[in-house]
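If you want the building blocks of each chain, they are given just below.
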Amino acid sequence: MKNSITIFGGAIVNDILNANGGRDFLDFKYQKKRNAIYDLTIRIALKLPFLIYSPREQKLENLSKQIDDAIPSDKFEKFNQMLTAEWTDENVLEHVESIWRKKA
Amino acid sequence: MITLSKVTLKNFKVYGGEPYTINFEDNRLVLLDGPNGYGKTSVFDAIELALTGTIRRLLILESRQNPSDIVVAHNGDNDVVIMIEFINDHGNKRVFQRSLKPNINNAARRISNFSDLWEIKEIIDDVSQAIDDSALDLYFNSKDFSRDFWLFHYIEQEETSRFLKSNSEAQRAEELSKLFGDTVESEQKLQKLTDIKKRLSSARRDIKSKIDNIRSLHNLSNINNLSAGETEQHIFALPWLVGEKSPFWDQSTVTQLNEQRLNKAITELDKIRALSTYRDFFLRSRRYHRAAQERELIELYIGYSKTYPNHQGVEADYKNYQLVKRSSDILASGDLKLIAKNLEVVQLFLFLGLDNPENFISSIDSVIELADKSNGLASIYSEILKHHKGMHESIQVQSSETTCGLCGHDYGSHEALNKAIIDHGHWLRTELGDKERILLTAREFFESNHTFVLSKACTDFLSRRDPPSQIDLSRMAKAAASNERLERLRKWLASENISDEDLVAQDFPVRGGDSYISEKADVLSERIRSRIGPSPEEYHVLFGEDVYERTYTEYFEKDHDKLRSFDSSVLDHKENFLKARYFSSLTEIAEQLLKLEGQEQLLDVGLADTTKLIDIVNNQIGQYRKKLITDIEIPFYIYSGKILQSHQAGLGQGVFIKDPLGNDVLKNVRLVSDWKTDHDIMNTMSSGQISAVVIALTLALNRVYAKDFSTILIDDPVQTMDDINMSSLVELLRNDFSDRQIILSTHEEKVARYFTYKYIKHSGKVKIVNLMQRKEYVPTNSYVYRGAIKSEASSAG
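Taken in sequence, the protein lines are chains F and L. First residue of the first sequence? That's 1 in the working numbering, and the numbers climb one at a time after it. First residue of the second sequence? That's 1 in the working numbering, and the numbers climb one at a time after it.
Do not rely on the hints blindly, as some may be mistaken.
Quick list of simulated restraints, FRET-style, between CB atoms [said to hold, decoys possible]: (1) F/86 x L/267: 49 to 59 Å; (2) L/677 x F/36: 15 to 25 Å; (3) L/259 x F/69: 49 to 59 Å; (4) F/86 x L/612: 20 to 30 Å; (5) F/69 x L/589: 15 to 25 Å; (6) F/48 x L/722: 45 to 55 Å; (7) L/677 x F/69: 12 to 22 Å; (8) L/143 x F/48: 18 to 28 Å; (9) L/630 x F/69: 43 to 53 Å; (10) F/86 x L/105: 46 to 56 Å; (11) L/194 x F/69: 15 to 25 Å; (12) L/23 x F/69: 40 to 50 Å.
Mimicking DMTMM-like on lysine to aspartate or glutamate, the simulated pairs with C-alpha atoms at most 25 Å apart in a straight line are [unchecked claim]: (13) L/676 x F/39; (14) F/75 x L/604; (15) F/78 x L/554; (16) F/78 x L/185; (17) F/75 x L/615; (18) L/579 x L/554; (19) L/192 x F/94; (20) L/143 x F/77.
These are computed hints drawn from the structure, not numbers from a lab. Idealized CB from N, CA, C, for every residue including glycine.
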């Protein structure tokens with residue numbers, strides 16, 4: 001790759017820093033093996049303000065929805081019932097009866 | 001991209017009076033300038049409120065505030081309105097309005113209800129239309145725009161230093177976790193699930209202990225032997241026992257009938273059954289036993305049953321004996337007056353068979369009369385003579401005495417003493433007058449002819465008699481008083497063919513005394529007992545004598561009629577009744593146990609479900625954070641490195657996100673400047689550096705996740721940052737975020753100037769809003785800064 005570099009700009013920086021699906025960064029982070037080009041590139045990117053690193057745009061998930069999706073469908077109603085109910089020391093069995101008795 | 005182009009504040013915090021509008025337009029950098037207290041942060045609050053429907057930093061103060069007015073209203077009586085206008089790349093505008101709901105009651109004004117105070121509308125062609133917050137999510141192409149806004153569109157003032165100042169590791173970790181996404185809602189769910197799990201575990205423990213308790217108290221295997229359907233009606237086995245006397249097992253309601261009490265009741269029934277079976281023998285045996293136990297009566301019978309009919313004769317005889325004894329003592333005193341006064345002369349003469357008591361009485365009277373007539377010194381001599389005689393008589397008895405009892409002179413021998421006393425008596429007589437001599441002679445005559453004779457008769461009588469003791473007499477009196485019982489005993493013994501002739505004492509007083517009576521009473525008792533005869537074979541095998549007696553006493557009140565007429569079939573009925581009751585109570589307990597076991601199973605299922613749900617929620621939170629960190633760690637390293645130019649001796653290093661466990665699920669997170677260290681930068685960096693790190697993190701999140709909304713609000717970032725960090729920040733913003741609109745507040749004019757200079761150099765559009773003057777300036781590249789450079793150059797030159 002080093003021989004093919006003719007223009008050093010944001011695109012090259014992106015290619016190098018994101019190489020191997022980010023694993024090169026992890027190697028750099030964990031200091032597992034020395035990668036002179038990676039070390040140099042990341043320092044250049046830090047030092048030269050006009051070199052712009054453009055990460056891939058990502059979608060930030062809605063955690064509550066993710067949790068709802070992860071709960072098996074047979075547990076979902078119980079999950080909601082458990083969260084909606086007001087739990088006190090006195091009504092534990094009452095709630096247990098109403099949440100689990102039906103299908104137990 | 002959508003840019004914030006205009007905000008209008010009406011009656012919001014310091015912005016009272018006429019509505020105040022700030023025109024951000026499509027400027028790349030808008031600087032909010034002005035001293036503290038002129039509302040820089042209020043502008044950010046207004047934008048936050050307009051976009052999210054609440055002001056997050058208010059919540060932090062919640063516990064300390066309880067206002068009765070609207071917290072953000074400049075004038076509590078007027079409406080509060082924030083109008084906000086956006087423009088997209090194509091010049092299309094949309095206007096939204098966040099305002100107070102009409103008719104808010106006082107209770108709703110509490111900060112905890114703050115978000116409920118507001119409603120959002122969209123203004124379309126000057127007409128407001130009610131919408132909800134999801135319209136903003138849609139407009140900005142976000143799954144949760146409020147979350148996005150707080151996470152990466154708004155960098156609050158001093159946000160960093162707040163957790164920096166906290167000494168609590170937990171609080172720091174919590175603050176840090178906020179920077180990695182909004183997981184609060186999910187964490188609350190997780191917390192609730194964890195709480196439920198605790199309650200379920202505790203309930204399960206309770207039920208388990210109840211089950212164990214029941215199992216240890218009751219032998220439920222009996223339930224299998226239950227003879228179903230046999231229901232006996234209650235009847236009283238012992239109807240004469242009422243109230244407290246009635247045994248627990250005979251009552252209509254048998255309380256706490258457990259196995260132990262059932263067995264006890266059955267044992268009692270067995271005792272009654274045995275008593276009823278052997279009642280003839282029992283009652284007979286009881287009679288002989290009781291007779292044999294009448295010890296006092298038997299002793300009286302042995303000692304006195306033969307002699308007590310002569311009780312009166314014995315009494316009279318004893319009285320006469322006493323008369324003689326008493327008379328003998330009176331005569332021995334030698335005092336004639338005492339004898340004359342106390343001696344029962346006639347009775348005594350009669351009893352002793354002597355004649356002429358009158359002679360005795362007249363003689364003593366005449367001697368006493370003579371004595372009464374003598375007086376003066378002569379009578380004293382006569383008295384002395386009387387005592388002299390008495391002394392002489394007593395000395396004569398003591399044959400070895402040689403000393404005079406009166407003067408103490410020792411005469412050497414008894415004979416000499418005796419002679420001296422006789423001589424002295426003669427001398428005394430010579431001193432007497434005639435009358436005294438006559439008296440003396442009369443007295444001596446009386447004594448020798450009357451007193452002496454009578455005394456001898458008494459002594460002879462007494463020596464012939466052996467008088468009974470007082471105890472003998474009182475026992476005989478008692479026997480006489482108990483004559484009816486003694487006669488009944490005599491007849492009963494005769495009817496039972498119990499011989500006693502050889503035992504009963506024939507004489508009074510009883511020969512052999514107490515020991516004879518006791519010994520013979522034993523023999524008679526034994527003869528009575530021997531009449532009981534042999535007991536039925538099983539009688540003593542079943543129970544002891546005391547058990548039969550107690551059963552008879554307790555349950556039949558010692559009434560042989562009740563025992564004789566008792567129908568023992570009622571006992572079988574009672575036993576069946578008790579067993580049926582016990583088994584039915586056992587069934588209830590078994591049902592209760594079944595219910596508890598059902599609950600236990602349910603709780604097991606509940607616990608398993610809860611544990612699984614906790615795992616899922618925990619896992620999802622961890623995965624969410626992990627993904628977020630993975631997404632942003634390269635930009636975060638680069639941005640933090642760019643801002644922290646001087647860090648690590650200017651080598652240019654960024655900050656890593658370190659998850660010490662390194663799994664798919666994030667459990668713990670630290671920010672480290674060197675991978676090998678475990679120390680968080682919170683402990684190694686200055687507050688300015690940390691402020692820079694937080695800005696870098698927010699910008700990284702913004703760069704990766706911000707979709708359509710271009711604006712980034714930064715509230716006074718330079719309070720703790722040094723000049724080098726500040727200049728690095730400007731470089732980062734104007735290069736890497738040139739496509740974003742930055743709205744930045746600062747109270748330092750030189751910072752405002754530097755930012756302006758840097759942005760204008762890069763051909764960015766800049767606006768300065770002076771909030772103290774409420775004026776907007778658009779600095780131009782060609783005028784202000786060229787002049788400043790020139791003047792610097794000329795002064796340098």
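Do the hints match the structure? See the list:
1. For the pair residue 86 of chain F and residue 267 of chain L, the beta carbons lie near 54 Å from each other, so the given range of 49 to 59 Å is met.
2. Checked against the hint of 15 to 25 Å, the pair residue 677 of chain L and residue 36 of chain F passes, with Cβ atoms roughly 24 Å apart.
3. Taking 49 to 59 Å as the suggested C-beta distance range, the pair residue 259 of chain L and residue 69 of chain F conforms, at roughly 57 Å.
4. The given range of 20 to 30 Å is respected by residue 86 of chain F and residue 612 of chain L, whose C-beta atoms sit roughly 22 Å from each other.
5. Restraint check, residue 69 of chain F to residue 589 of chain L: a C-beta distance of roughly 47 Å breaks the suggested window 15 to 25 Å.
6. For the pair residue 48 of chain F and residue 722 of chain L, the beta carbons lie near 21 Å from each other, so the given range of 45 to 55 Å is not met.
7. The given range of 12 to 22 Å is broken by residue 677 of chain L and residue 69 of chain F, whose C-beta atoms sit roughly 38 Å from each other.
8. For residue 143 of chain L and residue 48 of chain F, the hinted distance range of 18 to 28 Å is not satisfied, since their beta carbons lie about 36 Å from each other.
9. Evaluation of the 43 to 53 Å hint for residue 630 of chain L and residue 69 of chain F yields a failure: the beta carbon distance comes to about 20 Å.
10. The supplied range of 46 to 56 Å is broken by residue 86 of chain F and residue 105 of chain L, whose beta-carbon atoms lie about 25 Å from each other.
11. For residue 194 of chain L and residue 69 of chain F, the hinted distance range of 15 to 25 Å is satisfied, since their beta carbons lie about 21 Å from each other.
12. Between residue 23 of chain L and residue 69 of chain F the Cβ separation comes to about 43 Å, which falls inside the hinted range of 40 to 50 Å.
13. The suggested pairing of residue 676 of chain L with residue 39 of chain F holds, with an alpha-carbon distance near 17 Å, which does not exceed 25 Å.
14. Of the supplied pair hints, the one linking residue 75 of chain F and residue 604 of chain L holds, its CA atoms being roughly 15 Å apart against a limit of 25 Å.
15. Between residue 78 of chain F and residue 554 of chain L the alpha-carbon distance is near 64 Å, which puts this suggested pair outside the 25 Å criterion.
16. Straight-line distance between C-alpha atoms of residue 78 of chain F and residue 185 of chain L comes to about 18 Å, which keeps the hinted pair within the 25 Å bound.
17. Under the criterion of a C-alpha separation no larger than 25 Å, the hint pairing residue 75 of chain F with residue 615 of chain L is consistent with the structure, at around 13 Å.
18. About 23 Å separates the Cα atoms of residue 579 of chain L and residue 554 of chain L, which keeps this hinted pair within 25 Å; it holds.
19. Distance restraint check for residue 192 of chain L and residue 94 of chain F: the Cα-Cα separation of roughly 17 Å lies within the 25 Å cut-off, and the hinted pair is therefore satisfied.
20. Between residue 143 of chain L and residue 77 of chain F the CA atoms are separated by roughly 23 Å; this keeps the pair inside 25 Å, and the hint holds.
Hints 5, 6, 7, 8, 9, 10, 15 from the earlier list are contradicted by this structure; the remaining hints agree with it.
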